[in-house]
Amino acid sequence: MKYLLLSFLLLGIMISPGSGQGQPPAAPPDSTPPPVYGWKNNLVAALTLTQVSFTDWTQGGDNALAYGLTGDGKIVDDELTTNWTTLYRLAFGQARLATQGLRKTDDIIDISSVFTYKLGTFLNPYAGATLRTQFAKGYTYNAAGQEVEVSKFFDPAYLTQSVGFGYQPVQELKTRLGIGLREILTQDFHQYADPTLQKRTRVDGGLQSLTNLDWHLEENLLLTSQLELFSPFKKMDEIVVRGSATLTAKVSKYITAIAGLEVINEKLISPRTQVKETIAMGLSYTIF
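Numbering (the working numbering), first residue to last: 1 to 288.
Honestly, the hints are just simulated from the structure, not real lab data.
Computed from a predicted model, the values in this text were never measured in an experiment.
Each hint should be verified, as a subset may be incorrect.
What the hints assert, rightly or not - Capping the alpha-carbon separation at 27 Å, the derived lysine-lysine pairs in DSS-like fashion look like this:
1) Lys235 to Lys104
2) Lys152 to Lys267
3) Lys118 to Lys74
4) Lys40 to Lys250
5) Lys253 to Lys199
6) Lys199 to Lys174
7) Lys267 to Lys199
8) Lys152 to Lys276
9) Lys118 to Lys40
10) Lys137 to Lys267
11) Lys74 to Lys234
12) Lys276 to Lys250
13) Lys74 to Lys253
14) Lys152 to Lys74
15) Lys199 to Lys152
16) Lys199 to Lys235
17) Lys234 to Lys267
18) Lys137 to Lys199
19) Lys234 to Lys199
20) Lys104 to Lys137
21) Lys40 to Lys267
22) Lys276 to Lys74
23) Lys152 to Lys137
24) Lys199 to Lys74
25) Lys276 to Lys137
26) Lys152 to Lys118
Said to hold, decoys possible - Restraint-style ranges between C-beta atoms, simulated for each label pair:
27) Thr286 to Ala127: 23 to 31 Å
28) Gln100 to Val170: 29 to 37 Å
29) Gln274 to Thr58: 22 to 30 Å
30) Phe154 to Leu43: 33 to 41 Å
31) Val163 to Leu217: 46 to 54 Å
32) Val44 to Val275: 20 to 28 Å
33) Asp194 to Tyr37: 41 to 49 Å
Glycine residues also receive a C-beta, built at the ideal position from the N, C-alpha and C atoms.
Given only the sequences and the hints, what does the whole structure look like? Please build it.
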C-alpha cells in the first residue's frame, strides 16, 4: 500500500508545479470557444505484414510469414458535470516460420470504462471497470515442436471494479486511485487463479492505481502508455504490476511505424517479470 500511495503523491507533486509552464497566455473570455458536449467516437485499425522467402540461398535462412491486426478505439460521452470514457484495444497476430505452422504472436482483448463526476477541480470521484482476455487458444511448444494448450477465450479472464478519485493535472495525463475488486475467472486452466488447482476463480479486494498517458511528442509522433497497480488487502506487499507503452510514428497518411513494450509482474502467474517487445510497420486507417 505504501508504494501505491507514495507513487500517487509523487506523481502529483512532480506534475502539478509544471503543468502551467510554457503555456501561452489565456485568451480573452469572449474569444474562447464554448465546450462541445455529447458523444465522440474514434477507432484506428492497423495491419502489419512481414514476409521473407528464400530460393537457392546459400547463406541459410528459413521462409517466414507474419501478420498482425490491431484496433484501438475510444468512446466518450462528455457532459457539463459528468464524463463517461470507454477505451478498448483489440489485437491478433500469427507467424509461420519454415514448416512449423502458424503460431500466435499477439492476442488481446482489453476494455476499460470509467464514469467520472466533475467537481470543478483536478480531483474528481469515479467508478470504473476493466476486462482483459483473449480471442483464441494459446500454446507453449517444447524442443520437439509439440504444442501444449495453456489458455483460451475467457480462460483466463481478468476483471476489476473500483471506485475512488481521479487526478488530471494536464490534458495528456490521467491517474486515479481507489478501492476495488479483482476477479480472475478460469474454466480449464485453474493455475491462473489458484496454483494448487483447487479453485476456478479468485476474488481479491485491494487498492488499485491506474495511470494513462496520451502525449503527442510531435505532430506525427504519439506516445501512449498505461500503468496499472493492484495491491490486495491480504498481501499488501505483493503488488500486481501491468504496464504498456506504445510509440506510434505516422510516416504517411496510411503508413505507420509502431514500437511497443508490455510488462507484467504477477507472482501468482510467474516468479519472474514478463516482458514483450514489438516493432512493426504497416497500414493504418482511422475508421471514425
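The hints, checked one at a time:
1. Note on Lys235 and Lys104: the hinted pairing is violated, with a Cα-Cα distance of about 34 Å set against a maximum of 27 Å.
2. The straight-line distance between the Cα atoms of Lys152 and Lys267 is roughly 21 Å, inside the 27 Å bound, and the hint therefore holds.
3. For a cut-off of 27 Å, the pair hint linking Lys118 to Lys74 stands: about 20 Å separates their Cα positions.
4. At most 27 Å may separate the alpha-carbon atoms for a hinted pair to count; Lys40 and Lys250 meet this at roughly 22 Å.
5. A distance of roughly 50 Å separates the Cα atoms of Lys253 and Lys199; the hinted pair therefore is violated under the 27 Å criterion.
6. Using a Cα cut-off of 27 Å, the hinted pair Lys199 and Lys174 is violated, with the two alpha carbons roughly 36 Å apart.
7. Of the pairs offered as hints, the one joining Lys267 and Lys199 holds, with about 17 Å between alpha carbons and a cut-off of 27 Å not exceeded.
8. Between the alpha carbons of Lys152 and Lys276 the distance comes to roughly 19 Å, so the proposed pair stays at or under 27 Å and holds.
9. Our distance criterion of 27 Å between C-alpha atoms is met by Lys118 and Lys40, whose separation comes to about 18 Å.
10. Simply put, Lys137 and Lys267 have alpha-carbon atoms about 23 Å apart, close enough for the 27 Å limit, and the pair holds.
11. Taking the CA atoms of Lys74 and Lys234, the gap is about 34 Å. The hint is violated against a cut of 27 Å.
12. Distance check on the hinted pair: Lys276 and Lys250 sit about 22 Å apart at the alpha-carbon level, within 27 Å; holds.
13. Restraint check: the Cα-Cα separation between Lys74 and Lys253 comes to about 20 Å, which is no more than 27 Å; the hinted pair holds.
14. Distance restraint check for Lys152 and Lys74: the Cα-Cα separation of roughly 26 Å lies within the 27 Å cut-off, and the hinted pair is therefore satisfied.
15. Restraint check for Lys199 and Lys152: the C-alpha separation of about 17 Å stays at or below 27 Å, so the hint holds.
16. A C-alpha spacing of about 19 Å is found between Lys199 and Lys235, which places the hinted pair at or below 27 Å, so the restraint holds.
17. A C-alpha spacing of about 14 Å is found between Lys234 and Lys267, which places the hinted pair at or below 27 Å, so the restraint holds.
18. The hinted pair formed by Lys137 and Lys199 meets the criterion: a straight-line CA distance of about 21 Å does not exceed 27 Å.
19. Pair hint Lys234 plus Lys199 holds up; C-alpha atoms about 17 Å apart against a cutoff of 27 Å.
20. Among the hinted pairs, Lys104 with Lys137 is consistent with the structure: their alpha-carbon atoms are about 9 Å apart, no more than 27 Å.
21. For the hint pairing Lys40 with Lys267, the CA-to-CA distance comes to about 39 Å; that exceeds 27 Å, so the pair is violated.
22. With a C-alpha separation of about 24 Å, the suggested pairing of Lys276 with Lys74 holds against the 27 Å cut-off.
23. Restraint check for Lys152 and Lys137: satisfied, since their Cα atoms lie roughly 4 Å apart, inside the 27 Å limit.
24. Taken as a hint, the Lys199 and Lys74 pair is broken in the structure, with Cα atoms around 35 Å apart against an allowance of 27 Å.
25. With a CA separation close to 18 Å, the supplied pair Lys276 and Lys137 stays within the 27 Å bound.
26. With a CA separation close to 39 Å, the supplied pair Lys152 and Lys118 exceeds the 27 Å bound.
27. Checked against the hint of 23 to 31 Å, the pair Thr286 and Ala127 passes, with Cβ atoms roughly 30 Å apart.
28. The hint said 29 to 37 Å for the Cβ distance between Gln100 and Val170, and at roughly 47 Å that hint is violated.
29. Take Gln274 and Thr58: their Cβ atoms lie about 39 Å apart, and the range 22 to 30 Å is violated.
30. The hint said 33 to 41 Å for the Cβ distance between Phe154 and Leu43, and at roughly 23 Å that hint is violated.
31. Between Val163 and Leu217 the Cβ separation comes to about 33 Å, which falls outside the hinted range of 46 to 54 Å.
32. Checking the proposed 20 to 28 Å range against Val44 and Val275 shows it holds: the Cβ atoms sit about 25 Å from each other.
33. Range check, Asp194 to Tyr37: about 46 Å between beta-carbon atoms, so the 41 to 49 Å window is met.
Violated hints for the displayed structure, listed by number in ascending order: 1, 5, 6, 11, 21, 24, 26, 28, 29, 30, 31.
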